[in-house]
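**Q** So you can see what is in the structure, the chains are spelled out below.
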Amino acid sequence: MINGRSRGIQISAMVGTIALIAAACGSGATPSPAASAAPPSAAASAPASAAASAAASPAASGAASAAPAPSATPIPSAAPSAVSAAKSFAATLGHPGGQVTVLAVWGGSEQTQFLNMLKPFEEATGISVKYTGTRDEPAVLTAGIASNNLPDVAGVPGPAQLQQYTASGKLQDLSSMLNVSQYKAQTPASYVQLGTVNGKLTGVFLDVSAKGQVWYDPKVVGDLSANPPKTYPDLQNLIKSDVPSKAQAGWCFSVASGAASGWPATDVVETFMLRTYGPSVYNQWWQGKLKWTSTQVKTAWQDLGQMVSQSYGGVNRILTTNFANAGDPLFSTPPGCLFLHEASFITGLGKFANEQRGVDYNFFPFPAITPQYANAVEGAGDLFGAFHNTPQSAALMKYLTSSQAQTLFVAGGEFLSDNRNVAQYPNAMNQQLGKILSSATAFVFDASDQMPTPMQTAFYQGLLQYIQNPGQLDSILSHLDSVQSSSYGG
Amino acid sequence: MTSVAAARPAARSYAGAFRRRLGTLPKHVVVIGLMVLWLVPTIGLFVNSFRPAAAVQSSGWWTFLIHPSQLTLSNYRYVLAQGGLLPAFVNSLFITIPATIIPLFVAAFAAYAFAWMKFPAKNVLFVAVVGLLVVPLQTTFIPILQLYGTFGLNGQFLALWLAHTGYGLPFAVYLLRNFMGSLPSEVFESAEIDGASPVTAFFRLALPMSVPAIAALAIFQFLFVWNDLLVALIYVGATNPDNAPLTVILANLVSSLGSGWWYLAAAAFIAMSVPLAVFFALQRYFVRGIVSGSVKG
Numbered sequence: 001m002i003n004g005r006s007r008g009i010q011i012s013a014m015v016g017t018i019a020l021i022a023a024a025c026g027s028g029a030t031p032s033p034a035a036s037a038a039p040p041s042a043a044a045s046a047p048a049s050a051a052a053s054a055a056a057s058p059a060a061s062g063a064a065s066a067a068p069a070p071s072a073t074p075i076p077s078a079a080p081s082a083v084s085a086a087k088s089f090a091a092t093l094g095h096p097g098g099q100v101t102v103l104a105v106w107g108g109s110e111q112t113q114f115l116n117m118l119k120p121f122e123e124a125t126g127i128s129v130k131y132t133g134t135r136d137e138p139a140v141l142t143a144g145i146a147s148n149n150l151p152d153v154a155g156v157p158g159p160a161q162l163q164q165y166t167a168s169g170k171l172q173d174l175s176s177m178l179n180v181s182q183y184k185a186q187t188p189a190s191y192v193q194l195g196t197v198n199g200k201l202t203g204v205f206l207d208v209s210a211k212g213q214v215w216y217d218p219k220v221v222g223d224l225s226a227n228p229p230k231t232y233p234d235l236q237n238l239i240k241s242d243v244p245s246k247a248q249a250g251w252c253f254s255v256a257s258g259a260a261s262g263w264p265a266t267d268v269v270e271t272f273m274l275r276t277y278g279p280s281v282y283n284q285w286w287q288g289k290l291k292w293t294s295t296q297v298k299t300a301w302q303d304l305g306q307m308v309s310q311s312y313g314g315v316n317r318i319l320t321t322n323f324a325n326a327g328d329p330l331f332s333t334p335p336g337c338l339f340l341h342e343a344s345f346i347t348g349l350g351k352f353a354n355e356q357r358g359v360d361y362n363f364f365p366f367p368a369i370t371p372q373y374a375n376a377v378e379g380a381g382d383l384f385g386a387f388h389n390t391p392q393s394a395a396l397m398k399y400l401t402s403s404q405a406q407t408l409f410v411a412g413g414e415f416l417s418d419n420r421n422v423a424q425y426p427n428a429m430n431q432q433l434g435k436i437l438s439s440a441t442a443f444v445f446d447a448s449d450q451m452p453t454p455m456q457t458a459f460y461q462g463l464l465q466y467i468q469n470p471g472q473l474d475s476i477l478s479h480l481d482s483v484q485s486s487s488y489g490g
Numbered sequence: 001m002t003s004v005a006a007a008r009p010a011a012r013s014y015a016g017a018f019r020r021r022l023g024t025l026p027k028h029v030v031v032i033g034l035m036v037l038w039l040v041p042t043i044g045l046f047v048n049s050f051r052p053a054a055a056v057q058s059s060g061w062w063t064f065l066i067h068p069s070q071l072t073l074s075n076y077r078y079v080l081a082q083g084g085l086l087p088a089f090v091n092s093l094f095i096t097i098p099a100t101i102i103p104l105f106v107a108a109f110a111a112y113a114f115a116w117m118k119f120p121a122k123n124v125l126f127v128a129v130v131g132l133l134v135v136p137l138q139t140t141f142i143p144i145l146q147l148y149g150t151f152g153l154n155g156q157f158l159a160l161w162l163a164h165t166g167y168g169l170p171f172a173v174y175l176l177r178n179f180m181g182s183l184p185s186e187v188f189e190s191a192e193i194d195g196a197s198p199v200t201a202f203f204r205l206a207l208p209m210s211v212p213a214i215a216a217l218a219i220f221q222f223l224f225v226w227n228d229l230l231v232a233l234i235y236v237g238a239t240n241p242d243n244a245p246l247t248v249i250l251a252n253l254v255s256s257l258g259s260g261w262w263y264l265a266a267a268a269f270i271a272m273s274v275p276l277a278v279f280f281a282l283q284r285y286f287v288r289g290i291v292s293g294s295v296k297g
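These protein sequences, in sequence, are chains A and B.
In this text, residue positions in the first sequence follow our numbering: the first is 1, and each later residue adds one.
In this text, residue positions in the second sequence follow our numbering: the first is 1, and each later residue adds one.
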């Protein structure tokens, strides 16, 4: 028995070893062992061609909508003119061929839209774009920077990381890759400023989102698009007169977001800071030059406290509901709330994704508190930088920042551009949001995202604590002061 | 009287059987109840993988009982076509199979040596190998990436095979050494007397007798590598997405703000199919006692 078995094992061991040696040799002989498993061209073109066929033939999208569409919001296809414009721009970049690796946080429908934008570039230049999307991007980049294993082009998590990566010498100066004067002419100065470190442009925004918007259901509150509340007291009066006759509460609000729970509340505090005290106080605050116990910051927290007290479902719902579903009661019958404070990206999340924009929901920018800061915009966005300066990555960066590619990018409906020459959005609402962003006179970036990590974490925690126990405001703020004094190195 | 006497034993035996069955009934109810409880989340996930996105978002999976017509294959269709899951599935196999076989072989050799051969500093070496169990693999990323960078291995399958071999070895050596150490020493002594070299003893005795442990280990290592996201992302994902395994593609079905999670159920069942097959294929080795009676040989 042993003999028979052991012979069997021996044979299988030999077969296994031979297979292993063969596999190892194979990988040594050819640069990419993927060739035997999955032809690179097939892997790269599979999503792109699927997207292309959806974009190219209206029949395909018609068929998709006739069958129960798996996606709640089918991605609108770009106008053929936009595609050909992008392709003819890409044709000016030459035909170097080769490939370029790209790393970013986009997945799902975002990834599809990004790859849709890249399709004309790949066709015109012969460069194949190898895209990896992961929400663990910061971890991958941190390890990559330390070990010099980096993609050619990558999304940078935020301005703080942009400074860090530029300081470490890994990010390329884009002035050698882009037509900088053209980029600056098409982009508001505040965005260019955020991508510039020590006079070097190392990051560009590929998309931006407008924070501090107020969302509502026109069927409940009435159409406010022509005549939105001008000031914050006006908005409060509206809440006083409409609650409880039109909805159970003034606001919808919730802050749960996994490990980052609390960030939606930071946006509210930031809105109040910006609208009340303007960009320079706002910037001093996240730079650590303004104390948390100062009157300004404390007042902004108390304003948040007022919003919490006017919120649907009370503290429990605020703390336990995912931010994506914060606005769901806007659409319930009877309506749970009148307004939701959230960034422009909420339109793809929660019940918003299934409702019709402009009909079931609309928005207005958060009203003025101090009149002179009425036009300041707080935003966030995805910064991109290049880690390698190759002909392929330079061509890609030129293409990504062009208004033609940006127009194609926003056509998917999920992204907004800061490029002034992007004139064509897939709907009126995005058009208006895009205009707010590209015409912003004072654009500030999300404050909490620019704080050092310990400060940001403490900010999140402090807000969760404050929402639970508003009475502890002073002790929370003085704790944040102590974090501030220790976390801003130098 | 007699009839009563005759009837009594029969009645008693019926009652006994009934009592016995009654006695085991609560046990069965509890076991079945626990099994159902245990399976409910998986069943829910399975049902949700067949429900359209809007339904998944707005109602619980059990509502399919009321509207069975809503069940659809569209999630699977989307995931397989648009999500680019198929090439990644092949990549996953290509990564996982060698990354399971290599450490098993190395560990089996090492375990045999640690268990039955005599060489200096044997115990110190064994403790050092087992001590590596406590090193978190995350701390190794940067030095290994640097090393791979020198040899141009980043982004290659070989990088993952080597990495998973390294990460899997301490536990594999530990488990196999303990198993081989518990084999009856008479077997090896008599083999030695018969003139068997250590190599013969390893291939003809230690290896065949350790098949249950090796099979168990194969399952562990296979599942670890198959389900791994971080290691693949760090060594391969950033620079060569063509070689990315299933987990990378699967995680990326969700957008950066969290929409698209309704596809994950379908994707998860596709990803689970292989580990399930492996488990059921190797499962019989858990039951079969190969060691028993082996001394007779």
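Heads up, a few of these hints could be off.
[To be verified] Calculated cross-link-like contacts (lysine to any residue; reagent style SDA-like; alpha-carbon spacing at most 20 Å):
#	chain 1	residue 1	chain 2	residue 2
1	A	Lys170	B	Val90
2	A	Lys130	B	Val90
3	A	Lys351	B	Leu147
4	A	Lys170	B	Leu147
5	A	Lys351	B	Tyr148
Read the hints as simulated data drawn from the structure, not as lab findings.
**Q** With reference to the structure, classify each hint as holding or not holding.
**A** Hint by hint, here is what the structure shows:
no., hint, verdict
1, A/Lys170 x B/Val90, "violated (34 Å)"
2, A/Lys130 x B/Val90, "holds (18 Å)"
3, A/Lys351 x B/Leu147, "violated (48 Å)"
4, A/Lys170 x B/Leu147, "holds (19 Å)"
5, A/Lys351 x B/Tyr148, "violated (47 Å)"
Violated hints, in rising order: 1, 3 and 5; the structure is consistent with all others.
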